[in-house]
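Keeping the supplied structure of chain E fixed, place chains S and B upon it in accordance with the hints.
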Amino acid sequence: MLNNLVLENFDQSFLKSPSLIDERKKAFSNLKKIGMPNKKVENWKYTDLDNLTKSIEFKPGIINLELSNQESKGINVREFDYFIKNKAQYLNPIKILENEGVVYLNISYSNEAKVIEIKEIQSQPLIINIISEGPGFSLPRLKIDVFPEIEAEIHLIYLGGEGFINQLTEVNLQKNSKIKLFRVNKSSAVHSETFLTYLDSNTNISLVNLSMPENNSRFQVYNSFQGRNSFSNFKSVSIPKDNCHDDFLVHNLHKSSNCESNVGIRSILNKGAVCSFQALVDVELNTSSSKAEQDCKAILLHENATMNAKPEMKIFNDDVVCKHGTTIGTLDKEQIFYLQSRGLDKISAEKILLQGIIKNYISDESPLNSFLPKVYQ
Amino acid sequence: MSDNQEKLSENDFKDPYEFGFETDIESDFAPKGLNEDVIRFISNKKNEPSWLLDWRLDAYKRWLTMTEPDWSSVRYPSIDYQDSYYYSAPKDSEKLESLDDVDPKLLETYNKLGIPLKEQEWLAGVAVDAVFDSVSVGTTFKERLKEDGVIFCSFSEAVKDYPELIKKYLGSVVPTTDNYFSTLNSAVFSDGSFVYIPPGVRCPMELSTYFRINAAGTGQFERTLVIADKDSYVSYLEGCTAPMRDEHQLHAAVVELVALEGAEIKYSTVQNWYPGDENGKGGVYNFVTKRGDCRGDNSKISWTQVETGSAITWKYPSCILRGNNSSGEFYSIAVSNNYQQVDSGTKMIHLGNNTSSRIISKGISTGNSSNTYRGLVSVHPKSKNSRNFTQCDSLLLTDSCSANTIPYIESKNYESIIEHEATSSKISEEQLFYCQQRGLDEEEAVSLIVNGFCKDVLQKLPMEFAVEAQKLLSVSLEGSVG
Amino acid sequence: MNNFLKIQNLSVKVENKKIINDLNLDIKKGEVHAIMGPNGSGKSTLSNVLAGKSGYTIIEGSVDFCGEDLISLEPNERANKGIFLAFQYPVEIPGVTNINFIKTALDSNRKFRGLDPIKPGDFLKLVKEKSEILGIPEDRLKRQLNVGFSGGEKKRNEALQLMILNPLLAILDETDSGLDVDAFKIVADTINSTRSNDNSLLVITHYQRLLERIKPDIVHIFIDGSIVESGGPELAAEIENNGFERFANA
Numbered sequence: 001m002l003n004n005l006v007l008e009n010f011d012q013s014f015l016k017s018p019s020l021i022d023e024r025k026k027a028f029s030n031l032k033k034i035g036m037p038n039k040k041v042e043n044w045k046y047t048d049l050d051n052l053t054k055s056i057e058f059k060p061g062i063i064n065l066e067l068s069n070q071e072s073k074g075i076n077v078r079e080f081d082y083f084i085k086n087k088a089q090y091l092n093p094i095k096i097l098e099n100e101g102v103v104y105l106n107i108s109y110s111n112e113a114k115v116i117e118i119k120e121i122q123s124q125p126l127i128i129n130i131i132s133e134g135p136g137f138s139l140p141r142l143k144i145d146v147f148p149e150i151e152a153e154i155h156l157i158y159l160g161g162e163g164f165i166n167q168l169t170e171v172n173l174q175k176n177s178k179i180k181l182f183r184v185n186k187s188s189a190v191h192s193e194t195f196l197t198y199l200d201s202n203t204n205i206s207l208v209n210l211s212m213p214e215n216n217s218r219f220q221v222y223n224s225f226q227g228r229n230s231f232s233n234f235k236s237v238s239i240p241k242d243n244c245h246d247d248f249l250v251h252n253l254h255k256s257s258n259c260e261s262n263v264g265i266r267s268i269l270n271k272g273a274v275c276s277f278q279a280l281v282d283v284e285l286n287t288s289s290s291k292a293e294q295d296c297k298a299i300l301l302h303e304n305a306t307m308n309a310k311p312e313m314k315i316f317n318d319d320v321v322c323k324h325g326t327t328i329g330t331l332d333k334e335q336i337f338y339l340q341s342r343g344l345d346k347i348s349a350e351k352i353l354l355q356g357i358i359k360n361y362i363s364d365e366s367p368l369n370s371f372l373p374k375v376y377q
Numbered sequence: 001m002s003d004n005q006e007k008l009s010e011n012d013f014k015d016p017y018e019f020g021f022e023t024d025i026e027s028d029f030a031p032k033g034l035n036e037d038v039i040r041f042i043s044n045k046k047n048e049p050s051w052l053l054d055w056r057l058d059a060y061k062r063w064l065t066m067t068e069p070d071w072s073s074v075r076y077p078s079i080d081y082q083d084s085y086y087y088s089a090p091k092d093s094e095k096l097e098s099l100d101d102v103d104p105k106l107l108e109t110y111n112k113l114g115i116p117l118k119e120q121e122w123l124a125g126v127a128v129d130a131v132f133d134s135v136s137v138g139t140t141f142k143e144r145l146k147e148d149g150v151i152f153c154s155f156s157e158a159v160k161d162y163p164e165l166i167k168k169y170l171g172s173v174v175p176t177t178d179n180y181f182s183t184l185n186s187a188v189f190s191d192g193s194f195v196y197i198p199p200g201v202r203c204p205m206e207l208s209t210y211f212r213i214n215a216a217g218t219g220q221f222e223r224t225l226v227i228a229d230k231d232s233y234v235s236y237l238e239g240c241t242a243p244m245r246d247e248h249q250l251h252a253a254v255v256e257l258v259a260l261e262g263a264e265i266k267y268s269t270v271q272n273w274y275p276g277d278e279n280g281k282g283g284v285y286n287f288v289t290k291r292g293d294c295r296g297d298n299s300k301i302s303w304t305q306v307e308t309g310s311a312i313t314w315k316y317p318s319c320i321l322r323g324n325n326s327s328g329e330f331y332s333i334a335v336s337n338n339y340q341q342v343d344s345g346t347k348m349i350h351l352g353n354n355t356s357s358r359i360i361s362k363g364i365s366t367g368n369s370s371n372t373y374r375g376l377v378s379v380h381p382k383s384k385n386s387r388n389f390t391q392c393d394s395l396l397l398t399d400s401c402s403a404n405t406i407p408y409i410e411s412k413n414y415e416s417i418i419e420h421e422a423t424s425s426k427i428s429e430e431q432l433f434y435c436q437q438r439g440l441d442e443e444e445a446v447s448l449i450v451n452g453f454c455k456d457v458l459q460k461l462p463m464e465f466a467v468e469a470q471k472l473l474s475v476s477l478e479g480s481v482g
Numbered sequence: 001m002n003n004f005l006k007i008q009n010l011s012v013k014v015e016n017k018k019i020i021n022d023l024n025l026d027i028k029k030g031e032v033h034a035i036m037g038p039n040g041s042g043k044s045t046l047s048n049v050l051a052g053k054s055g056y057t058i059i060e061g062s063v064d065f066c067g068e069d070l071i072s073l074e075p076n077e078r079a080n081k082g083i084f085l086a087f088q089y090p091v092e093i094p095g096v097t098n099i100n101f102i103k104t105a106l107d108s109n110r111k112f113r114g115l116d117p118i119k120p121g122d123f124l125k126l127v128k129e130k131s132e133i134l135g136i137p138e139d140r141l142k143r144q145l146n147v148g149f150s151g152g153e154k155k156r157n158e159a160l161q162l163m164i165l166n167p168l169l170a171i172l173d174e175t176d177s178g179l180d181v182d183a184f185k186i187v188a189d190t191i192n193s194t195r196s197n198d199n200s201l202l203v204i205t206h207y208q209r210l211l212e213r214i215k216p217d218i219v220h221i222f223i224d225g226s227i228v229e230s231g232g233p234e235l236a237a238e239i240e241n242n243g244f245e246r247f248a249n250a
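These protein sequences, in sequence, are chains E, S and B. Numbering of the first sequence is given in our numbering, commencing with residue 1 and proceeding in unit increments. Numbering of the second sequence is given in our numbering, commencing with residue 1 and proceeding in unit increments. Numbering of the third sequence is given in our numbering, commencing with residue 1 and proceeding in unit increments.
Source of the hints: derived by calculation from the structure; they are not laboratory data. Be aware that a few hints might be false.
As the list claims (entries may be wrong) - Using 25 Å as the maximum straight-line C-alpha spacing, the simulated PhoX-like pairs for lysine-lysine come out as follows:
| id | chain 1 | residue 1 | chain 2 | residue 2 |
| --- | --- | --- | --- | --- |
| 1 | S | K382 | E | K271 |
| 2 | S | K471 | B | K53 |
| 3 | E | K297 | S | K347 |
Note that the coordinates shown come from a computational prediction; the quantities given were computed from them, not determined experimentally.
The following block holds chain E by itself, in its conformation from the complex (with noise of 0.2 Å):
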């Protein structure tokens, strides 16, 4: 793909940003080196990139992040210009996550950002519709910056589309901040989506992700514990639309003491669909008192889906406590005779039981429940 890549499309997102055309170039010329993410790269072996997005045309697809209710007391909303003034903050990316091809592409052509400093304590979520329209390369970048002591909730909302999606996002939690993220990715685009958390000290950070793609989707989350007694709760339900592929990868890095970080999966899968869950918990040396889980259950509903998983975990230190469990299989024989054998008829009891395995993510209360398919509200 990256042969036919045709640099003046692109010059336009260059011009926006006139002063970061060397760190744009020197983004470029990595990702020419290291080429777009492929199944030989162990952290995509699941989802070949390079091949999905080599048919659609390496030109600018235009995004647009709207964000609901950006008036609101205590949010600042910035631009481009913000990166440009502080060019260490375009790159910090690239510090967290070394050689990631997505990450390259991004920051070489992002052509549209946002930075939402949260200064006050929010009574009401905030709203981030994320639209693509026309075919091409869209490469959103959003930044989401809570102040210390400062509580927030955001929805991150994605929705039809087409050609490529490739958005960098970076949430940085600031010391005693705490954020509540609901993420719904409805995209018809071919969806990637690298999402990089830095936790200061005292910081809590959790997020319900509701993916139902119908298309290839990647969602991939780094959260960095930088400081201290930091806690995060990642949560996907993943059910792709069928033949599509929904790939998830949770890096926990615990860097700092006293942290704990819990990543879990309920994956639905039908024909032809393919969920791929890699998790790592990455304990470095002279950290104590870490604990960590990964949780991992998928239903197959039919004889053309698959389920991969990686739970990793490696540990530098011996004052830890991780677990993980990995239960896949397809809807247990005996729990639906047993609501068989209490009248409900066979479609009705798996759907309860598959309700079941969702509601324990996405309550009827969740922001998210209006947006799962009916039959498992």
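Relative to the frame of chain E, chains S and B by itself:
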């Protein structure tokens, strides 16, 4: 060597490496280095048929095109394959009629290892095929086994006496193209064991082979082939120990198991080769390819391993569950201390219907060591109603060691069920305090708790091995507390 | 007469919080002492400090046992010298069978006293005899140490170890909690039966009911890390009726 000898006969565990001594038997070396001529030399020494020489040469040509794998977590200085001997045999290598003909020094070596052949024969009822360096020197109980039609002999004998079996099965589980180290083995393997259990026979005793590396600078390339014909059963024990030396030694063994319809193979290993000293100097590089093929319906292969030795352990005893209703098991304890590096695990490949697999892995790391479990459970689309259960636990004893768990789980069949659980933790302060409060010192307490941690695997070992393994665990962990 | 257990001016802190405050306690051979106090008064800290658990800092004071400084000893050394702690919450140790553990503990103890390990036959006889008294079924001896034991089963198991190890000083940390009525009687009476002129007991408890079966010679009221009043068994009865209020306000 007399000093060493005395030290060892005390049989105390304070000796840093109990089995570290060297027998000074003259070796018959192939010239140093690796080329086609060396392979011809090996083949010629063993009077091999030409098809086998061709097979070796094919493998060698393939090997030349391959690169050493770098995907595992083990790190070591690059190996100079030209700076090693690929063949050595005890000088007295003509065929021996009985144990009485064996070089007394050799027997003495085994005595030091605590495996006196005779005693073991008579007391434990174990047939021992002792592999010293590369050539088998004593095979016992042959007569008893012959009555049942069981073949248990050195690999070279099998090449001479049962060429049709070797031709049919050699490389049928681990092809010459499989991986860098197994391909190297295919080119230069010197000797090993061969087992064939005829249809319907339950092998009347545990078959046991003691491997041992000797002679400085000699790599060991064992080749083991076990075939269990229809409805037969065999339990095979493999135990290893090596003399102390400074130079790294390469070991690249290949073990192939074939279980035909209704057959069962149980393969147990206790591995305590020289792990290097406290500073990570020396020690064996152990790159082993072990694979079992459940070729027939209702067949079963079970791997049990206790890995405490070697500077580097790189092995993934695997099962290909081809037959319907076949089952595979992997029970593993891997201990790493000082600067040891372990990268071990298993692959369970579910191909047939109603296949089942079970993985229990216990990793214990201490000192500055690194201990990785790497595994694959793969259920293919046509493998209906298959099951896997995996339990994978790591215990870390010091803050400078590491434990990695890298499981790959891939299910392409909706009627199959996979369950995987893993934990990483340290010994809790409460457990230690409780034991100490009852009078155990810290080292005893750790040893007790570790043995408890490993119990699920220890109890899968044959009795005589279980005792040895428990002893080994304590020895391997010595000095790891504090 | 030589002092058996002598605690003098003991102050202990945990993570900068002072838990035990200038405590003095004298236990003589053959005596049974009870320590009663409300939740959070530092009772369990005292038992842990005596047994040598890490994480406690001795700010000042001394603990002598049979004329020897206890504080400098490792927990196992204290155990081998005859101090036994019946834990309030015995920890689970997976994979280690109960009976194997008890034998290992007894043999460590014997080794310390210069004795050979107990013969398997003798040990089996001993364990069976004591288990029977405590109503512990044989299959529980083969189970993993405390794994999946109910609260009551754990406490009976602690009592079993107490009887087999036969310590000079047994510290019972809330041994009565988690026991149903029948088990309570059996465990209490069994422990009571171990009383002799050579052994002492330190009973830490909330309630008087245990002290009705194990009659103490001296009762101490323990508030905020020190003894505020000592007396005879009648003190326990008073607590039962009026609670700790009088002492707390003192």
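Restraint check for K382/S with K271/E, where alpha carbons must lie at most 25 Å apart: Holds: K382/S and K271/E sit about 15 Å apart, inside 25 Å.
Could you grab the alpha-carbon distance between K471/S and K53/B and see if it respects the 25 Å cut-off? violated (29 Å)
25 Å Cα cutoff - pair K297/E, K347/S: Distance of about 21 Å is within 25 Å: holds.
When the structure is compared with the earlier hints, a violation turns up for hint 2 alone.
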